[in-house]
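Student: Below, each chain spelled out in residue letters.
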Amino acid sequence: MSSLQSQALSVENFKDVLDSVEAFLFDCDGVIWKGDQLIDAASQTLDMLRHKGKKLVFVTNNSWKSRSQYAEKFKSLGISVSPDEIFSSSFAAAMYLKVNNFPTQNKVYVIGGDGILDELQLAGFTAFGGPGDADKTIDWKQNGFFEHDKSVGAVVVGIDPKINYYKLQYGTLCIRENPGCLFIATNRDAVGHMTPSQEWPGAGCMVAAMCGSTQKEPVVVGKPSTFMMDFLLEKFNLSCSKMCMVGDRLDTDILFGQNAGCKTLLVLSGCTTQSDLQDPSNNIQPDFYASKISDMLDLLGA
Amino acid sequence: MMLRSSSTIAATSVGVCHTQRLWSHSVTLNYRLSQFAGNPLLSNSAFVKWKRSIGSSNKNNRFRMATKALAQPLQNADELIDSVETFIFDCDGVIWKGDSLIEGVPETLDMLRSKGKRLVFVTNNSTKSRKQYGKKFETLGLNVNAEEIFASSFAVAAYLKSIDFPKDKKVYVIGEDGILKELELAGYQYVGGPEDGGKKIELKPGFLMEHDEDVGAVVVGFDRYFNYYKVQYGTLCIRENPGCLFIATNRDAVTHLTDAQEWAGGGSMVGALVGSTQREPLVVGKPSTFMMDYLANEFGISKSQICMVGDRLDTDILFGQNGGCKTLLVLSGVTTLPVLQSPNNSIQPDFYTNKISDFLSLKAAAV
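In order, the protein sequence lines correspond to chains A and B.
Its first residue numbered 1, the first sequence is counted upward by one per residue in this note's numbering.
Its first residue numbered 1, the second sequence is counted upward by one per residue in this note's numbering.
Careful, some of the hints might be misleading.
[To be verified] Below, a list of computed lysine-lysine pairs in the DSBU-like style, where the Cα atoms sit at most 35 Å apart:
| # | chain 1 | residue 1 | chain 2 | residue 2 |
| --- | --- | --- | --- | --- |
| 1 | A | K34 | A | K54 |
| 2 | B | K181 | A | K136 |
| 3 | B | K131 | A | K141 |
No lab work stands behind these hints: they were computed from the structure.
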């Protein structure tokens with residue numbers, strides 16, 4: 001893995017990238033959009049790359065929506081993307097269970113959003129929990145017994161702004177008491193831009209809460225784990241050496257790309273600043289960095 | 001092949017979007033912390049690694065306790081009793097289970113007092129203040145003063161006092177009433193607590209969560225009213241208020257709120273804040289020796305003269321061992337004999353017995 005200093009994307013090195021790369025993998029939050037707003041000239045940049053015959057794949061750790069909901073979001077922002085080109089961590093969780101032959105008679109308990117529930121159900125699994133458990137409380141005066149479904153064979157944990165004690169307890173009992181119950185995390189991002197103006201706790205928070213009560217580490221399906229990469233490499237018959245991962249986070253996007261052996265481009269339009277990149281305590285160096293993806297357009301035009 | 005950044009604490013990578021790390025508090029605190037030699041407060045990352053090893057039976061973990069002689073069944077109770085001046089008792093699973101007293105406890109405590117032994121009660125449970133625990137003891141017919149009780153709620157206030165936490169700074173509390181009461185008694189201003197359990201947020205453009213810039217410490221403990229608002233508030237304070245402390249009452253994974261089953265414990269809430277801030281907390285409850293050092297100092301006791309009695313290996317027994325006292329595991333709580341004797345368990349108390357009333361029934365074997 002290269003530990004050379006990251007280079008600013010330039011006319012020359014971008015030309016080399018374009019010549020040698022067949023597929024571009026894009027993160028979404030902070031790269032294509034920020035909250036619900038498209039980042040400058042993102043649409044035109046993607047059109048240019050498609051025009052040049054490049055394959056585009058979108059890989060996001062955000063498990064709140066399903067792939068088809070993300071496709072809708074792209075559409076609402078004026079970008080045409082097929083759900084097949086989108087790999088959300090919600091989809092990754094369902095695929096993980098599928099490739100590992102999770103028995104369909106076992107249930108899945110979800111701490112997270114509808115995106116995870118939808119993908120699990122699409123893949124043929126029985127999933128419950130999710131937003132439906134947001135308003136569940138426990139009557140402490142009753143001193144009653146907290147029941148849980150013994151047929152739950154996996155607990156999937158993702159970003160959940162409706163996290164509460166009921167969900168933590170339900171998931172904890174499943175993992176601790178149902179023999180062989182899997183503990184799957186969509187991702188472990190500490191924070192994310194849930195609103196444009198500030199960062200909010202990410203899935204990393206809910207996952208760590210569950211680690212705290214179960215004393216187990218989860219299987220992580222989202223970036224930087226290579227699961228999604230292995231899955232899409234096979235699906236699209238791609239070769240890592242001919243790919244470039246474009247993202248705004250060093251420890252998920254860039255690490256994800258480096259783990260797979262593809263080229264990596266950091267954009268500064270999201271949560272990482274140039275000083276974060278160049279800070280002595282940072283040892284994740286992408287091959288290139290640029291201010292935003294439309295720099296690719298500008299450099300071509302130059 | 002996974003690349004790991006030097007900032008990785010957990011077994012998988014965690015986000016490092018903000019490289020600004022607010023470690024400045026550790027410099028000002030070191031002189032205070034140095035009072036507590038051998039205190040795991042100073043080595044939280046080692047503590048975290050150890051905690052993970054308990055659940056995952058990771059044979060390669062680097063923080064295994066030094067191999068100790070296997071725990072012996074308690075046979076000569078009088079010999080143990082005569083060898084120490086003070087007994088420290090955990091409460092849940094030792095004195096009571098839920099709201100029911102364990103068999104033979106009152107007589108056992110009376111016997112020990114009649115032999116001139118000092119009794120202290122140390123619990124990681126932060127839902128009540130020591131005064132509220134005093135009432136619980138009273139309700140169960142036990143003769144115990146509030147000053148003999150050291151709950152982790154009290155430990156938080158005692159810790160802040162020990163570092164001269166400024167009275168003009170506030171404390172944000174993710175936890176229950178016990179912590180609020182102890183902070184109030186100690187003269188600290190707090191924000192948060194159970195009433196933030198009803199606060200809602202709407203994640204939409206234009207919504208900005210404000211936080212009090214005077215918060216100088218975030219305290220996290222067991223919290224049945226846990227929600228995203230509290231996590232965000234605590235996270236903002238820790239990440240953005242310079243020098244803000246992150247204090248945990250304890251990190252117990254599960255707790256016996258009811259007799260019948262386990263419930264997700266303080267370790268869960270603390271884990272959530274570790275996940276979002278990527279910082280490790282200062283832990284004041286067991287197995288950190290803070291409470292041990294505090295009461296040894298308060299009562300002028302020497303640790304070799306103490307026997308710690310508890311039902312949990314990774315909090316009670318480790319607490320006793322870290323403090324250098326004798327340790328007795330009772331099987332009346334969460335730990336069973338198979339768990340104690342399992343090859344995965346590396347924490348060996350000096351002795352084990354069924355329940356504390358065995359002190360009354362076990363006599364020296366006839367020679």
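Student: Against this structure, judge whether each hint is valid.
Tutor: Going down the list of hints, with the structure as the test:
Distance check on the hinted pair: K34/A and K54/A sit about 24 Å apart at the alpha-carbon level, within 35 Å; holds. Distance hint between K181/B and K136/A is fulfilled; the C-alpha atoms sit about 28 Å from each other, no more than 35 Å. A C-alpha spacing of about 21 Å is found between K131/B and K141/A, which places the hinted pair at or below 35 Å, so the restraint holds.
Against the hints set out earlier in the document, no violation occurs for any number.
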